[in-house]
Amino acid sequence: MAAADELTFHEFEEATNLLTETPDAATTSRSDQPTSQGHVAVAVGSGDSYGAEDEVEEESDKAALLQKQQQQPGFWTFNYYQSFFDVDTSQVLDRIKGSLLPRPGHNFVRHYLRNRPDLYGPFWICATLAFVLAVTGNLTLVLAQRRDPSIHYSPQFHKVTVAGISIYCYAWLVPLALWGFLRWRKGVRERVGPYTFLETVCVYGYSLFVFIPMVVLWLIPVPWLQWLFGALALGLSAAGLVFTLWPVVREDTRLVAAVLLSTVVLLHALLAMGCKLYFFQSLPPEHVTPPHQAASLPTNIPLSPTLPRSMAPS
Amino acid sequence: MAEAEESPGDPGTASPRPLMRDLKAVGKKFMHVLYPRKSNTLLRDWDLWGPLILCVTLALMLQRDPADSEKDGGPHFAEVFVIVWFGAVTITLNSKLLGGNISFFQSLCVLGYCILPLTVAMLICRLVLLAGPGPVNFMVRLFVVIVMFAWSIVASTAFLADSQPPNRRALAVYPVFLFYFVISWMILTFTPQ
Chain A
1 MAAADELTFH
11 EFEEATNLLT
21 ETPDAATTSR
31 SDQPTSQGHV
41 AVAVGSGDSY
51 GAEDEVEEES
61 DKAALLQKQQ
71 QQPGFWTFNY
81 YQSFFDVDTS
91 QVLDRIKGSL
101 LPRPGHNFVR
111 HYLRNRPDLY
121 GPFWICATLA
131 FVLAVTGNLT
141 LVLAQRRDPS
151 IHYSPQFHKV
161 TVAGISIYCY
171 AWLVPLALWG
181 FLRWRKGVRE
191 RVGPYTFLET
201 VCVYGYSLFV
211 FIPMVVLWLI
221 PVPWLQWLFG
231 ALALGLSAAG
241 LVFTLWPVVR
251 EDTRLVAAVL
261 LSTVVLLHAL
271 LAMGCKLYFF
281 QSLPPEHVTP
291 PHQAASLPTN
301 IPLSPTLPRS
311 MAPS
Chain B
315 MAEAEESPGD
325 PGTASPRPLM
335 RDLKAVGKKF
345 MHVLYPRKSN
355 TLLRDWDLWG
365 PLILCVTLAL
375 MLQRDPADSE
385 KDGGPHFAEV
395 FVIVWFGAVT
405 ITLNSKLLGG
415 NISFFQSLCV
425 LGYCILPLTV
435 AMLICRLVLL
445 AGPGPVNFMV
455 RLFVVIVMFA
465 WSIVASTAFL
475 ADSQPPNRRA
485 LAVYPVFLFY
495 FVISWMILTF
505 TPQ
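Residue numbers (the numbering used here), protein chains in the order written: chain A, 1 to 314; chain B, 315 to 507.
Hints were generated in silico from the structure; no laboratory data involved.
Be aware that one or more of the hints could be misleading.
[Claimed, not checked] If we take Cβ atoms under 10 Å as the criterion, some of the chain A residues that face chain B in the derived model are:
1) L119
2) Y120
3) W124
The beta-carbon is built from N, C-alpha and C at its ideal position, and this holds for glycine as well.
Assemble the whole structure, with the sequences as input and the hints as a guide.
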């Protein structure tokens, strides 16, 4: 690709140093690059993320050029969408690993996406999360019923629909709002351009991956452990988002940067809390007969069966 | 798919032989799914009758009791249909976007036919449930569903994996896994009221 040729001019002398520091960076070079330049181009990409501000600026200029080149096929053609699925298994796994372990110097967009955002990750991570939420929420009810046979078990299939709609709306509408806001504030920043819409979607999509093991671990019916896992996962996920957004909002006024970052973290926390409260509460026996009220109950462990009122079995 | 033809000597009566030929083709594909080998029959002579029959059967068996409450029961007939067909279309689109060289309807055909083991599992589960609830009952159903789920995955991967470039095979197969997992979950959690 032409971008690889442009990048090699500036960073050639640092390539060997960077290769020795990050030997595994070479293994993610894409197959369509000439192999003689492959390792150099990849080392350039990882070099940008080591916090040097000048390189970030040049990288973003080249990113803007690259985006223009990549949008040559019209959006009504199949090839246009195929360019968003141009990833290998190893690249997707690499991006997932990158989202699980956010590091302050490593910007997810620059380090892992490298101007090739994909839609495979966000789409299928959201689908997996929605189904895992519905399935484990149902499993919690099964386990609760084993402990307390008066709880009425039902497949609760409507939760699949709710989970799907809410996860997809979050993962696509919030990046849209964020992208719009960052573009609106573009005038204030001189040096760093905003991320494209797809890169923002990618960041959010991959950051949701850590919720999948968190949801599975929520099957363990120990409340403080559930809150601990929730806090850990939320911390990792929000940290990834903040580290990615920081280079872009850093040049804005402090107030705007603080408000933006705290809104991002807050929305993420609301998503996690909403999942916990809606999918992981089991019905206490007194609320069995009007099941449509069950969704408003915030308890997440079954109450002891020694309640003053006993329900007629349904 | 074969068109119904009238044999020239019988005006006004459709000959039954094309229908039998279609049914035989569907049956042959069922056999190919149950004993997956590296053969091209499913791909070459694709048809969507088999998947339709299987989907309708599965949706009818999974249908919730009409006396069940609106919010809390199992899937409606339409929900099963939507999940199966929308899921199959999404997986096919995903496979094609990743660069696979399988045609749209061939992929739908394979995914639809490979629901056959899970439909058999649903039949067995309904029969087992007639014996009344209990932990042994649940273990038997769990075992049957797991075995059939693995069978579906193996059968569909045998047909679909070859059409993908080798460095993206896992990306194309994972949605198939998710698809059959969701269907297995619906079968396992089916409770007659």
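Hint-by-hint comparison with the structure:
no. : hint : verdict
1   : L119 : 8 Å, holds
2   : Y120 : 6 Å, holds
3   : W124 : 6 Å, holds
In the structure shown, no violation is registered for any of the earlier numbered hints.
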